[in-house]
Amino acid sequence: MTDLEEIRRKKMLEMQQRAQQQAAEAEKEEQLRRQFEIQKRQLLMKILTPEARSRLANLRLTRPEFVEQIELQLIQLARAGQLRSKITDKQLKELLRRVTSKKRDIRIVRR
Numbered sequence: 002m003t004d005l006e007e008i009r010r011k012k013m014l015e016m017q018q019r020a021q022q023q024a025a026e027a028e029k030e031e032q033l034r035r036q037f038e039i040q041k042r043q044l045l046m047k048i049l050t051p052e053a054r055s056r057l058a059n060l061r062l063t064r065p066e067f068v069e070q071i072e073l074q075l076i077q078l079a080r081a082g083q084l085r086s087k088i089t090d091k092q093l094k095e096l097l098r099r100v101t102s103k104k105r106d107i108r109i110v111r112r
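Residue numbers (the numbering used here): 2 to 112.
Keep in mind that the hints were calculated from the coordinates and are not lab data. As the structure is a computational prediction, the values presented were derived from the model and not from experiment. Possibly wrong hints are sitting among the right ones.
[Claimed, not checked] Have a look at the derived ranges for each label pair, beta carbon to beta carbon:
hint : residue 1 : residue 2 : range
1    : P65       : T3        : 53 to 61 angstroms
2    : A25       : Q83       : 33 to 41 angstroms
3    : L33       : E6        : 12 to 20 angstroms
4    : M16       : Q83       : 31 to 39 angstroms
5    : Q22       : R64       : 35 to 43 angstroms
Even for Gly, the Cβ is constructed at its ideal location relative to N, Cα and C.
Please construct the entire structure, taking both the sequences and the accompanying hints into account.
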């Protein structure tokens, strides 16, 4: 019985260590995600006017994935040096209009 107890104890220790490692990895990933979000928010504050940020915040309530894509595109443009000034609400509306018109052009042809 002592061998069986020893095996059980070792298995239990292994499981506990794995659980601790997974928890540490999950916490590390969460911390990296939070840092990325903070950096993204700071960069968006630099490249968007308050009105444009407000528009994106309102749009995020209904279409979060879409807003995430737009934000990443804006950040890429800013990092590439293609933005000369802050993006206004009017410019953002035009950008959103162009992006949504491309994606909504679906046609079904029946024969």
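Where does the structure disagree with the numbered hints, that is, which hint numbers, in rising order? 3, 4
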